[in-house]
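Starting from the known structure of chain V, arrange chain W on it as the hints suggest.
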Amino acid sequence: MAAPGRTGGRPLAPGRPRTGRRALLVPGVLAAAVALLALVALGLGDYPMHPGEVIAALGGNQGFASTVVLEWRLPRVLAAVVFGAALAVSGALFQTLTRNPLGSPDIIGFSTGAHTGAIVSITLLGSQLVAEAAGALIGGLGTALVVYLLAWRGGVQGFRLIIVGIAMTALLNSVNTYLLLRAQTEVAMAASIWGAGSISLVGWQETAFTLLPLAVLGLATAAIVRPLRQLELGDDAARAHGVAAEPARLAILVIGVGLIATVTAIAGPIAFVALAAPQIARRLVRGAGIPLGAAALTGALLLLGADQVAQHLVPGAVPVGVVTVVLGGIYLVALLVHEARKHL
Amino acid sequence: MTRHADHAAAGQTPPASASAGQASPPAGRLGADAVTLGYDRRIISTDLTVAIPDKSFTVIVGPNACGKSTLLRALSRLLRPSAGQVLLDGKAISSYKAKEAARIVGLLPQSSIAPDGITVVDLVARGRYPHQGLIRQWSATDEAAVAAAMAATGITDLRERHVDELSGGQRQRVWAAMALAQETPILLLDEPTTFLDIAHQIDLLDLFADLHEAGNTLIAVLHDLNHAARYATHLIAMKDGRVVAQGPPAEIVTAELVHRVFGLDCMVIDDPATGTPMIVPRARRRGTGEPAAG
Chain V
27 MAAPGRTGGR PLAPGRPRTG RRALLVPGVL AAAVALLALV ALGLGDYPMH
77 PGEVIAALGG NQGFASTVVL EWRLPRVLAA VVFGAALAVS GALFQTLTRN
127 PLGSPDIIGF STGAHTGAIV SITLLGSQLV AEAAGALIGG LGTALVVYLL
177 AWRGGVQGFR LIIVGIAMTA LLNSVNTYLL LRAQTEVAMA ASIWGAGSIS
227 LVGWQETAFT LLPLAVLGLA TAAIVRPLRQ LELGDDAARA HGVAAEPARL
277 AILVIGVGLI ATVTAIAGPI AFVALAAPQI ARRLVRGAGI PLGAAALTGA
327 LLLLGADQVA QHLVPGAVPV GVVTVVLGGI YLVALLVHEA RKHL
Chain W
7 MTRHADHAAA GQTPPASASA GQASPPAGRL GADAVTLGYD RRIISTDLTV
57 AIPDKSFTVI VGPNACGKST LLRALSRLLR PSAGQVLLDG KAISSYKAKE
107 AARIVGLLPQ SSIAPDGITV VDLVARGRYP HQGLIRQWSA TDEAAVAAAM
157 AATGITDLRE RHVDELSGGQ RQRVWAAMAL AQETPILLLD EPTTFLDIAH
207 QIDLLDLFAD LHEAGNTLIA VLHDLNHAAR YATHLIAMKD GRVVAQGPPA
257 EIVTAELVHR VFGLDCMVID DPATGTPMIV PRARRRGTGE PAAG
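Going down the list, the protein sequences come from chains V and W.
Following my numbering, the numbering of the first sequence begins with 27 at its first residue and continues without gaps.
Following my numbering, the numbering of the second sequence begins with 7 at its first residue and continues without gaps.
Check each hint, because a few of them may be wrong.
Going by beta-carbon spacing under 10 Å, a handful of chain V positions derived as facing chain W [claimed, not checked]: (1) P43; (2) R125; (3) R255.
If you want the footprint, here are the derived chain W segments under chain V, 3+ residues with CB under 8 Å [unchecked claim]: (4) 82 to 90; (5) 94 to 107; (6) 115 to 126.
Some chain W residues near chain V, calculated using beta-carbon distances under 7 Å [unchecked claim]: (7) A131; (8) Y135; (9) P136; (10) E149; (11) V152; (12) A153.
Hint data in this document are derived by calculation from the structure and do not stem from the laboratory.
The beta carbon of each residue, even a glycine, is placed where N, CA and C say it ideally should be.
Just chain V, with the same shape it has in the complex:
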């Protein structure tokens, strides 16, 4: 992405950047894994199917099997893949910008703010999808804006963004607790379920609702990749190369927040995918910086996998957000231990 390398061709081209083999191989393997897992996931449930039957059902005209696959299971599987990818790219953008593996939208207060917005909206308007989504969007975007402005000091630095975000998260968490304690039981229940992050209620309508904004944001991400790679070099070098650093940074933040906002509006805060996927992808590819494509595929794989665990492995089925929190917690501890060892 920095400079597209080409393999093959003249063997001795000293000036040609080379895309490592892993940079091509890893996304390929990840994509295959996502496709395979999606096929398996479409067959799982009270009406189990072999992958072969799933493929036949996907073509339609298979009566009940097609209804199960196309109407019941496909929206959820598609949502897991797309939402996972969107969360991962959002995290990758934040982590690259802040140069910090903790710099995800989870950490800088977006999700908690979205939860606040959802609780307020459920309290005032009742548990309706559109109201919840709108409340979450307003709460999340408002929080992101406040954090950005508070962190502003002639420009925004990654580290200040994280510190302000952590403070804002703590503040809003106590606000959320207060609101839930004050609320009526059914409101608190609905808000808590939303707050756990779930895609169990996602149907075609909800999926379709998110696909357009996510596609637009995906294209915007592709357009911003090259300035992003320049910003990795530090502001001075980026600006010397002709990047308008501050507008580019703002655009990247807007895209990152937009991605997570779209997902959160529908699914609630699904923790840790944005945090973990970019770092896992970086370790798999071992190239320069965080690879956005591999991160997206890793996120898709993570969320799809976590949703299968939430649906089929845990007795009684839990929201997928619960599974990602557990997985993410283990990951975070491992990351911190690893980083601590490296620095001691």
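Positioned in the frame of chain V, the structure of chain W alone reads:
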């Protein structure tokens, strides 16, 4: 130190223009016109006018906090003057599109960050950004520029190495190569030798001297006055945000100037290797090698 000796033998200095007298420097492509520079409310320079002679190796010297790095930041578009203009080819540099200006004026910043796990060739290739667009991405021209930049800085053999595993001297060469790959006729260098040992400092300065000989205009901020006097064709001495003196080192470097600018008592003698002025601080005490008299 053979490079050093070769360089001395080549007799780059004193420059031919030394006899031209301390007239006003020839107007160049880049300059500052009555600029006021500062950060937030702290003003460093007011009404500062500087012209960089074309094809010169201009070195800006001065004591700490004299505004030399600030001037360099303004010339490289990193700092916008609060009054006045930085001019490039007679037009305000702020009126250029960012990428357009970046194809004419390059910068080796004081500190840059190498992304984790990046290889030398990938990092150097990032200097090609201003020549690329969404449509026209990687081309044979880019490839040739990157190859030439790595050859000029002597890092071709390191191309597949990870930048984080290189020594400080090698790494600075990689950053220099990235700036070279930008292929700008004017290159600004912000304290390029600061964290290097003496051998790597001379090595890098020789490299810049070669670039200057190849027809590039270089503007550097250097701390070491002797390095400045040896390598510069045009020296700008600053103090308290003002230009105190400018011209070829052979003409302007005197004990009086060094005292005025740095407040240092010194002798100025001929550099035995190059014949350029060399500053020898006066001793307030004898060397420790011999017992003090009395």
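Right, here's what the structure says about each hint:
Contact between P43 of chain V and chain W, as hinted, is supported at the beta carbon level, the nearest pair being about 4 Å apart and thus within 10 Å. Residue-level restraint check for R125 of chain V holds (minimum Cβ-Cβ distance to chain W is 7 Å; threshold 10 Å). For R255 of chain V, the shortest C-beta to C-beta distance to chain W is roughly 7 Å, which falls under 10 Å, so the interface hint holds. For the region 82 to 90 of chain W, the assignment as covered by chain V holds, since 3 residues bring a beta-carbon within under 8 Å of that chain's beta-carbons and 3 suffice.
A count of 5 residues in the region 94 to 107 of chain W with a Cβ less than 8 Å from any Cβ of chain V is obtained; the coverage claim is therefore met, three being the minimum. Counting residues of the region 115 to 126 of chain W whose beta-carbon sits less than 8 Å from any beta-carbon of chain V gives 11, enough to reach three: the coverage restraint holds. Against a cut-off of 7 Å between C-beta atoms, the interface hint on A131 of chain W holds, since the closest Cβ of chain V lies about 4 Å away. Because the smallest distance between the Cβ of Y135 of chain W and any Cβ of chain V comes to about 4 Å, under 7 Å, the interface hint for this residue holds.
For P136 of chain W, the interface hint holds, since its Cβ comes within 7 Å of a Cβ in chain V; the closest pair sits about 4 Å apart. Interface restraint check: E149 of chain W against chain V, minimum CB-CB distance 4 Å, threshold 7 Å, status holds. Below 7 Å, beta-carbon pairs count as interface contacts, and V152 of chain W has one with chain V at about 4 Å; its hint therefore holds. Checking A153 of chain W against chain V by beta carbon gives a least distance of about 3 Å; that is within 7 Å, so the hint holds.
When the structure is compared with the earlier hints, no violation turns up for any of them.
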